[in-house]
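Trainee: Chains as they are written, first to last, in UniProt numbering: chain E, 1 to 465; chain Z, 1 to 465; chain C, 1 to 465; chain V, 1 to 465.
No wet-lab data here; the hints were simulated from the structure.
Because the structure is a prediction, the values reported are computed rather than measured.
Any given hint could be a false lead.
Pairs involving identical chains hold if they fit within one copy or between any two copies, as the list cannot separate such chains.
[Said to hold, decoys possible] Using 27 Å as the maximum straight-line C-alpha spacing, the simulated DSSO-like pairs for lysine-lysine come out as follows:
#	residue 1	residue 2
1	298	393
2	393	130
3	188	298
4	130	160
5	130	298
6	393	189
7	189	160
8	188	130
9	393	188
There are 4 protein chains.
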Amino acid sequence: MGAESDKGDGDAAAVPTDSDLGIEGRVMHCVVGGAHAFILRISSFFGLAPLRFESRSNGFSVGLSNAMCIYSYILVTILVICTVFGLVAEINVGVELSVRMSSRMSQFVSTCDVLVVVITAGAGVYGAPKRMRNMLKFMESVASVDNSIGAHYSLVTERKLCAILLAILIFFSVLIADDFCFYALQAKKVDRQWDVVTNYIGFYLLWYVVMILELQFAFTALSVRARFQAVNDALSLTARHISVPVEKIKDPTPLNIFAIRVAAESRRCANNVSLLVDTMPGKEHAVIIRNTVSKEPKLVVPPCEAIRRLACLHGALCNVVHRIDNSYGLPLIVILISTLLHLIVTPYFLIMEIIVSTHRIHFLVLQFLWCATHIIRMFVVVEPCHYTITEGKRTEELVCRLMTSTPSTGMLPSRLELFSRQLMLQSVSYSPMGMCTLDRPLVASVLGAVTTYLVILIQFQRYDA
Amino acid sequence: MGAESDKGDGDAAAVPTDSDLGIEGRVMHCVVGGAHAFILRISSFFGLAPLRFESRSNGFSVGLSNAMCIYSYILVTILVICTVFGLVAEINVGVELSVRMSSRMSQFVSTCDVLVVVITAGAGVYGAPKRMRNMLKFMESVASVDNSIGAHYSLVTERKLCAILLAILIFFSVLIADDFCFYALQAKKVDRQWDVVTNYIGFYLLWYVVMILELQFAFTALSVRARFQAVNDALSLTARHISVPVEKIKDPTPLNIFAIRVAAESRRCANNVSLLVDTMPGKEHAVIIRNTVSKEPKLVVPPCEAIRRLACLHGALCNVVHRIDNSYGLPLIVILISTLLHLIVTPYFLIMEIIVSTHRIHFLVLQFLWCATHIIRMFVVVEPCHYTITEGKRTEELVCRLMTSTPSTGMLPSRLELFSRQLMLQSVSYSPMGMCTLDRPLVASVLGAVTTYLVILIQFQRYDA
Amino acid sequence: MGAESDKGDGDAAAVPTDSDLGIEGRVMHCVVGGAHAFILRISSFFGLAPLRFESRSNGFSVGLSNAMCIYSYILVTILVICTVFGLVAEINVGVELSVRMSSRMSQFVSTCDVLVVVITAGAGVYGAPKRMRNMLKFMESVASVDNSIGAHYSLVTERKLCAILLAILIFFSVLIADDFCFYALQAKKVDRQWDVVTNYIGFYLLWYVVMILELQFAFTALSVRARFQAVNDALSLTARHISVPVEKIKDPTPLNIFAIRVAAESRRCANNVSLLVDTMPGKEHAVIIRNTVSKEPKLVVPPCEAIRRLACLHGALCNVVHRIDNSYGLPLIVILISTLLHLIVTPYFLIMEIIVSTHRIHFLVLQFLWCATHIIRMFVVVEPCHYTITEGKRTEELVCRLMTSTPSTGMLPSRLELFSRQLMLQSVSYSPMGMCTLDRPLVASVLGAVTTYLVILIQFQRYDA
Amino acid sequence: MGAESDKGDGDAAAVPTDSDLGIEGRVMHCVVGGAHAFILRISSFFGLAPLRFESRSNGFSVGLSNAMCIYSYILVTILVICTVFGLVAEINVGVELSVRMSSRMSQFVSTCDVLVVVITAGAGVYGAPKRMRNMLKFMESVASVDNSIGAHYSLVTERKLCAILLAILIFFSVLIADDFCFYALQAKKVDRQWDVVTNYIGFYLLWYVVMILELQFAFTALSVRARFQAVNDALSLTARHISVPVEKIKDPTPLNIFAIRVAAESRRCANNVSLLVDTMPGKEHAVIIRNTVSKEPKLVVPPCEAIRRLACLHGALCNVVHRIDNSYGLPLIVILISTLLHLIVTPYFLIMEIIVSTHRIHFLVLQFLWCATHIIRMFVVVEPCHYTITEGKRTEELVCRLMTSTPSTGMLPSRLELFSRQLMLQSVSYSPMGMCTLDRPLVASVLGAVTTYLVILIQFQRYDA
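Please model the complete structure; the sequences and the hints are all you need to start from.
Mentor: Right, dumping it as structure tokens:
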């Protein structure tokens, strides 16, 4: 499995992979803990992370598992078949009896809705093994960053994150259950409740898969962003270390590392085997920052060398961003399109329900919650990317300030010049399949399009009919 | 209060703040005068600037005041509650009696309108203490710029600005009063004039808060822009000072400083206590330009050193721009959205009134004035940002010309190279919450969208109904 | 008049002007010939170029003329008053008798149409003196470029250009006349032909003013673009001169200079009086390229010096582009908006006429010609800007190739580095008032918007009514 | 013909051409083989490649042929005349009898459809001689790249490509035939089948010309992209060669060269005659990489020199991209516009057919296939450009990594700095006529516009009529 690890690389995988040295027999393992283990466990259950978990003293050692891959494929195939058959059955019932498809147009809309969910879940699960293999690779890259800059591990942040994750999942579960009940109750009037249950159960379970996929991406992006933040903190520590005290650093402990707890084993392995990160051999990833007894981080190399190593780490992290982009490209695009379509259709029904009120409070609340869910889904995908971009800008700002403030002698200016040129050439942003950049302006344009559309629609609607 | 000054910093606050040295006991004060004192006073009255004003010989010494914070919160809470209750009362009256909500759709539109104003005012007032704390910080940064480049103080410009401010406010007051009267008169026909007064009084007062908030932002942005202008003037003075007289500078006195008059006390404090600006310690902000007796500004350091210090000042001002962005992010986004919605709805009613004339001249004039007001509101927000961007481009142009003209020996070329690289990495622009860039193309796209929408709407309208 | 030359500079005029040295008594003059004289003459007749023309041996010496300013203002004021009164008269006639306003909506559309033309012409003529003053300034800047790089003068190109100009003007005159006749004939049926003539004569004359204004801008932009081209040619000549013959230059004679023939007098003045261009004093604008007897251009300075001077000239030309932007900002924006509106309305009538054919061949042809005219108008404005941008990209490409090919010793690499950094900071593009960039993507988005709109409109139109 | 080779260069052809040295008598020849010969043969048959093919041992030697030019012109002229006469005949039949134009509006839509195809094919064929001349030029440039970096030739990739080509063409042929039959069958009902055949035969053949034109562009772009890829591979080989082994290169053999097999003759000619590529004389294009016996590529020059040469090759390839842009500009723009219009109209008919089902399964399938075809057409044009952009980004990434990793002594850093500056100034992207950039965001915005339009249309459609 490790041996064929770079066969599956797609066309767009511009980053060269590693198959030259003796790593054929290499089994990729990683020790994860806390929130990261939690999300991987849930993903694993829904077929989105075909991993083997082995309990260790400091977390779980994870590695790709063939058995889990087969489980994932079988699971999603069954669900997809169920959903499609359910859809066909529901269409064949006809517009008079169906609870969701009371006209030919709503049949069409509903079919689109189901197909979008099926495609997203399919893209998510069938691509999961490749995605996990990529993840195991760049997690070592991330681990080497942690190693170099003396990362902290905060249990509190870990728990907060788990809580947010659980909150979103529970909210979504309640919504799905409520939606399910609503239509089952509707169907009861025509005595078709069991048909509806069997026809839609696959659809609702696939919705879960989609949701978990989004959370998994958000989580991965957030953990990479935490490393960018750590590099920035190290940069401002370096700045303070130089005679010109340009920077006052915030206390770095509470937030710099909250995602992946890399255990000693993983670090040792990173030293023995040839590095996966395409930067420097062993000695380069030597420690830049070490935490003193008084919890104060301290620079252990001269500033000039620190800048050079931080530039390398920054480059490696940019590379990780590219890999995540490649891994999650297709699912993200499908998710964005489905969110756009849902954001057009759902608020329309909500507003029409408000204006042409027919006292269906339950339906009103349901539509409102779906609206909220779709907006949350969009933010779950976009916000981690936005934070990453913000960190990228902070790096630029810090390098700028270092440039203006350092004396013009010695190696430091030329190192900073190199860093600044590197920042000009490499941008820190996620752009799934090169289709668009995931950032807040994207949200603005989506919301703008939806608003314009709704205003036109509401203005033109004939209320007499 | 000073001690907990960096707790409230949001997630996006990439700029590290100052809590390491002994500035816990520090009480932030600033001496303001003229137009700046005027706008702060008005803001203070409407709860948007919870400051304590102490009269000094050269203006007012301002500092954050707990009492004013409480006053602000109570004021806005009461107004919001009034408005919401008024809205509910008006909806409950029914479509037959209400003067503003003659159909279910206009009920919906009106509710949106009121809620947008409530949210903007709320975002403005509840975030005011944090915003003022930020303002006090970057005002010292601004003061150090003034100090370095020998800023002038022009009473005439100050008075002009006050006059423009007053003109906008009076125009807006007249409009609000007229609008109020119009609906009160309408309501009189069904004998509900007092209901309307009590139901809408809160709404109209919140409109004031929104307007003041926009003016406050415009004012802040303009005063920062004046500093960029001053740095540019100093840059072209430096250019003239170098043997190659590349630049003919305009007389800098009348317009470079018109917003904040920083008194001696503030400057002394800037020297004693550790600097808030994260650039250079004391000696760096030594004077670059001093005004001679003949009112002619004169360079007091060698050109190479001047360039280095101006680059530092430019970086510090970019930092100030970022801080203003962070402070006003949410209110600005809400204001932009509300302006867009109003610019879609108001001209529609205006044009329909013109085409399907029903001889309601008062209503026509009122709608026209509202249109004008919303366009003015957009320009009040965007124009100061546009001017800032223009100054940023002027800096680039000046540095370019200095690069091409200076001899290729000595330190000057490398200093200019640093400056040029700094300009490439750091952009001078406002982008609230990273959603969009506040500039003229934004205005163009908003007006384009509104125009297209109106053309479609007017084309499709059925005039027989 | 020369003495108060820099009073009128607007707020956005970032480029410092010249009032320090003894140029108060300076009378700005320029010798123009050929196509440039032709367009200025026509502009002058329509009030868009208030200049005094004095015949010289090699063309006309032009200078600002107070008499012509007064003539322009009176002319346009009368035309505007005529137009507005005509419009009011036509509206008062009522929808039954009016030939252009057969419904309230067409009254509204027609009023907008007339007002847009009035505003454009007004902005053009009232701003003409300031614009001409600017033009006289940057023409000297342009003349110094011609001087430095041994510009050629091609009579053939000159004549071609005059022919194109005349063709456009004649086409437009025929269209205007035809349109006028069409409506006069229509009006004859209700015996109002003389009313129509008096009501619309001002409107049609203002259309001329607008058209000439566009041609004037196009002409100015084209002549600046010719200088960029000449700088590029000089750059590739320099490249060929260096031992590495990277470039094969096209024969530069036929197209590099076709707009402004600057006479010796102007050049002498440029040497005597302080330069208006803010680049180098006298000796800098010494000749870079001189034409040998065999018509072959030849470098007269070493390559390194040539690169430096060409960078200066490039900077000066960028500056000229900025000044043209400032001069034509407002009229260009109004022209763009009016073109957009016309491109939405005119094809709609054309297509409706085709589909719902009522055998009005004359009207059909007229609408088609108007469509063509509006598209030509857009291209007249955008194409010169596009060509300028293309030249800017060619400069970048040439500098790139020089960088990769030159040996890494001597001064040349550092000069080229400076040039490349200058190109990164300064962009060659027109953006009137900072609203948008005048380039082909703008055309694409305008045509895209118009197409979408027309498709929606045609799809939804009810053909039964 | 060779002598007048640079007369036809359009205005936008910023790249200087070669007419100075003794290349008047030069006959351009190229040896092509495999897939490239295949596409050129097909193009030649449809008039899109007026070339003379001479069979050689290693492929075909191609050169511009006057006879083929005349054949092309006659062919396309006849087809266009046939199509236009057919269209007019079909319109004159009237809305009752015509099978495609059952209303005045569908007459209008159908006319637009036919005209768009006619214009595209015309632009393709009439511009073919100039395009082929350009192609022969930049193929030598491409050949020199192959020469320098020891390119491989893979028969498997070649065959795969031919298969994909054939598959697309067969799919399209089947579709066209089916469409033709469908309307012929429809016409049979009114006994007009032979009229339809004669009226539409030209139209369907022109569709072929359009399709081949797109494939020809895609093929050309892909072959240039393969060279970018090869340069990148050479770059990472260089990186590995430097003591810091930053890169692990993928096995370069299978995919780097698949389009043009340049024979020895062509290479010799490239050494004898003055180079067409405007980079370095003979010795510069000496070999950088040579393949050892063990199929392992090996650097034969020092790394520093390799970087310099690779930068030159990269610049030459950017130049090739510009030339392709100029050659295919107009046809590409027409193709994009026609695709947009088709993507708006076709899915509309498809969806209306699904919702308002009238049991015309054949029509349904046909519409679906047309939809698929238009989407494939868009991707055929955009994807090769996207891959090229991706390779450009990979170059930036590799240069970045080299910069951070190399020691700061020696010539290497300055060479890399030059390369990085070159990458900042020159972008690798196709933008036909400067109208838009051919990349995935363009696809996203087209699909977004189509989706919005369809949603509005379906929402508003009255299903009762």
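Trainee: Determine for every hint whether it applies to the structure shown.
Mentor: A quick look at each hint next to the structure:
For a Cα distance limit of 27 Å, the shortest separation of residue 298 from residue 393 inside one copy, 24 Å, qualifies, whereas the shortest one across copies, 36 Å, does not. In the homo-oligomer, the alpha carbons of residue 393 and residue 130 lie at most 27 Å apart only across protomers (23 Å), although the nearest pairing inside one protomer, at 31 Å, exceeds that limit. Taking the shortest Cα distances, residue 188 and residue 298 never come within 27 Å of each other, neither inside one copy (68 Å) nor across copies (75 Å). Only between protomers do residue 130 and residue 160 lie at most 27 Å apart by alpha-carbon distance; the minimum there is 25 Å, versus 30 Å within a single protomer.
Taking the closest pair of Cα atoms, residue 130 and residue 298 never come within 27 Å of each other, the shortest separation being 39 Å inside a single copy and 32 Å across copies. For the homomeric pair residue 393 and residue 189, neither the shortest alpha-carbon distance inside one copy (58 Å) nor that between copies (60 Å) is at most 27 Å. Taking the closest pair of Cα atoms, residue 189 and residue 160 never come within 27 Å of each other, the shortest separation being 44 Å inside a single copy and 58 Å across copies. Taking CA atoms no more than 27 Å apart as the test, residue 188 paired with residue 130 passes in neither setting, with 44 Å inside one copy and 55 Å between copies.
Proximity of residue 393 to residue 188 under the C-alpha cut-off of 27 Å is found in neither arrangement, the shortest distances being 56 Å within a copy and 58 Å between copies.
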